[in-house]
Amino acid sequence: MDFNPIWLTLKLACITTLLLLVIGLPVAWWLSKGRSFFKIIIEAIVTMPLVLPPSVLGFYLLLAFSPQHGAGKWLQQTFNIQFVFSFQGLVLASVIYSMPFMLGPIKSALQQLPVSLSQASYSLGKSRWQTFIRVLLPNIKPSLLTAAVLTFAHTLGEFGVVLMIGGNIPNVTRVASIAVYDAVEQMDYHAANVYSFILFAITFVLVTGVFIFNKYQLKSPLE
Amino acid sequence: MISINIEKKIKTYQGQRILKVSGEFKSESITKIHGPSGAGKSTFLKVIAGFIQPEQGNITVNNNAWLDTVSKISLSPQKRMAGFVFQDYALFPNMTVKEHLEYATADNEWIKHLLEIGKLETLTTHKPQYLSGGQQQRLAILRALATKPQVLLMDEPFSALDPENKLALITELKLIFQELKTTVFIVSHNPQELDGIAADGAILSELYINN
Numbered sequence: 001m002d003f004n005p006i007w008l009t010l011k012l013a014c015i016t017t018l019l020l021l022v023i024g025l026p027v028a029w030w031l032s033k034g035r036s037f038f039k040i041i042i043e044a045i046v047t048m049p050l051v052l053p054p055s056v057l058g059f060y061l062l063l064a065f066s067p068q069h070g071a072g073k074w075l076q077q078t079f080n081i082q083f084v085f086s087f088q089g090l091v092l093a094s095v096i097y098s099m100p101f102m103l104g105p106i107k108s109a110l111q112q113l114p115v116s117l118s119q120a121s122y123s124l125g126k127s128r129w130q131t132f133i134r135v136l137l138p139n140i141k142p143s144l145l146t147a148a149v150l151t152f153a154h155t156l157g158e159f160g161v162v163l164m165i166g167g168n169i170p171n172v173t174r175v176a177s178i179a180v181y182d183a184v185e186q187m188d189y190h191a192a193n194v195y196s197f198i199l200f201a202i203t204f205v206l207v208t209g210v211f212i213f214n215k216y217q218l219k220s221p222l223e
Numbered sequence: 001m002i003s004i005n006i007e008k009k010i011k012t013y014q015g016q017r018i019l020k021v022s023g024e025f026k027s028e029s030i031t032k033i034h035g036p037s038g039a040g041k042s043t044f045l046k047v048i049a050g051f052i053q054p055e056q057g058n059i060t061v062n063n064n065a066w067l068d069t070v071s072k073i074s075l076s077p078q079k080r081m082a083g084f085v086f087q088d089y090a091l092f093p094n095m096t097v098k099e100h101l102e103y104a105t106a107d108n109e110w111i112k113h114l115l116e117i118g119k120l121e122t123l124t125t126h127k128p129q130y131l132s133g134g135q136q137q138r139l140a141i142l143r144a145l146a147t148k149p150q151v152l153l154m155d156e157p158f159s160a161l162d163p164e165n166k167l168a169l170i171t172e173l174k175l176i177f178q179e180l181k182t183t184v185f186i187v188s189h190n191p192q193e194l195d196g197i198a199a200d201g202a203i204l205s206e207l208y209i210n211n
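The listed protein sequences derive, respectively, from chains A and B. Take the first sequence: its letter number 134 is residue 134 in the UniProt record's numbering, and every next letter is one higher. Take the second sequence: its letter number 10 is residue 10 in the UniProt record's numbering, and every next letter is one higher.
So that you can see chain B by itself, here it is in the shape it has in the complex:
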């Protein structure tokens, strides 16, 4: 079970406002987060990962306190090790596909498995600049999964994928999420694109963040 209750001041074109999100999310559930641009969806994911500190709140993941502003607890991003798929992918330009995964994990079997899922087995020696947008996005997802995270935070993770690749990847990802017992948060502008995830009874919830 993941319990989140946070308040964070965010700056928008309309001035400063407060992002307030609270909720309980079951382990191994998938939550799709949607809402208008500038509502704070990405900020919310970054607060969970520990990149941004909220003014107030607490985050508890499977009975471990990741954040508690009252007790002044805030685990570093390195200790939270939440898998994070960035909107801009944040791939390392100096590393090849395989090096990205080797940087994250020493488990070669797992790396091989991930490469198969992402259909990147033939591109292991390529650096991100030689990959297409869709391949880069898949690598970003694989890298986030390489550490077998308890919590996976994905910011617009399927935006560059064609429908066929998207469906195939989502099917594989669902299996991985079940295998790893990962709790997933997915920010998406297009909530319908995630319908496939809910199709066979995965626990799916929605979180709407508005202004």
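Here chain A stands alone, though its shape is the one from the complex:
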């Protein structure tokens, strides 16, 4: 039994979640403040992976990063980076594909915080950054955890987009969801069963954990 697809999937999900935390926090903060036409367009673009067929996203990424032309050719020639049929490509696709799962909960949590919290901090002479780190961020912890877990779980379950840009290369781009498909194609139901059960179990534990944590957080502290 080859467990490499499972390790590869977990590695991909960890890297994607960490990268999205770094990218997602400032972007969600920026999106949560005010409304402009430009922000609406950016928000629509980062939300589109939620509704767009993954194969469409994968197809466009394949075109954009093909080493034969455009950005892909430039990246290959200048930095020797290839996004197509490589693990880097999977990370890039996962970051784009899972972005709404990171941004959504963080943005709405930030919007729900009373504006007077920031104002109180500003009136004490604290900068926007100090306010974000010391006041806003600690008060959206449950949403932050939800966002991180949803992103992780969603990355575990990717199929169409990773197949399009990464293909099915063992130890490089064959993640667990693709290994399930591959095993079924080869009539290896035992392997398909094992991969599926592991994915199912990890996702179940993660999502249940988040629900328990959030229930605990929401409970009145005086109870």
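Note that these hints are calculated values from the structure, not bench results. Glycine included, each C-beta is placed from N, C-alpha and C at the ideal position. Treat the hints with care, since some could be wrong.
[Claimed, not checked] What the simulated footprint calls covered on chain B by chain A, stretch by stretch (three residues with Cβ under 8 Å from a Cβ of chain A suffice, anywhere in the stretch; the number is not a length):
(1) 70 to 78
(2) 94 to 108
(3) 143 to 156
For chain A, the structure is supplied; the task is to place chain B on it using the hints.
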């Protein structure tokens, strides 16, 4: 001396109208602001603090221009550092009583003094959710005073306090205002509740904001 002359469009249920306030307020004076709901009392305080920009006007505090729409000067709230007591308290749920004050100032003696005034010495490790309404309101006042502000803006600061606590706190606050030479603006629905402040000759003026 604080000189204020502002015009700000505000939206109300009756439609848009202009909040127009002008006046000169002596340093170390206490001004109670009253007027009907929706008249713009809280907006006026937020304009002074720098949270809201008026369309026109100027604010000068002790010869420093905080705002001048003609010269396009508008100091950030961080530079104005006006003490602000919010109507909803705006306490930080993640911080304990002591952490609120430590976030505002590094002066431990001052923190100790403030805790005594607010009668919160025994509750320093409590987060706001474990405090009563009156204790939360007192913490909001102490936090606003922690930076020793030149200007203190208070929006309904005594609404959750019982008469006994209110009187004791007001007596202490008056001493602090004198010590810090703070100019105070207090919005109140119930102007009589501030009578105690005027009792021993503190400079008190009134500002009525109407529709």
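Verification of the supplied hints:
1. 70 to 78: Contact hint for the region 70 to 78 of chain B vs chain A: holds, 3 residues under 8 Å.
2. 94 to 108: holds (count 3)
3. 143 to 156: holds (count 4)
No hint from the list above goes unmet by this structure.
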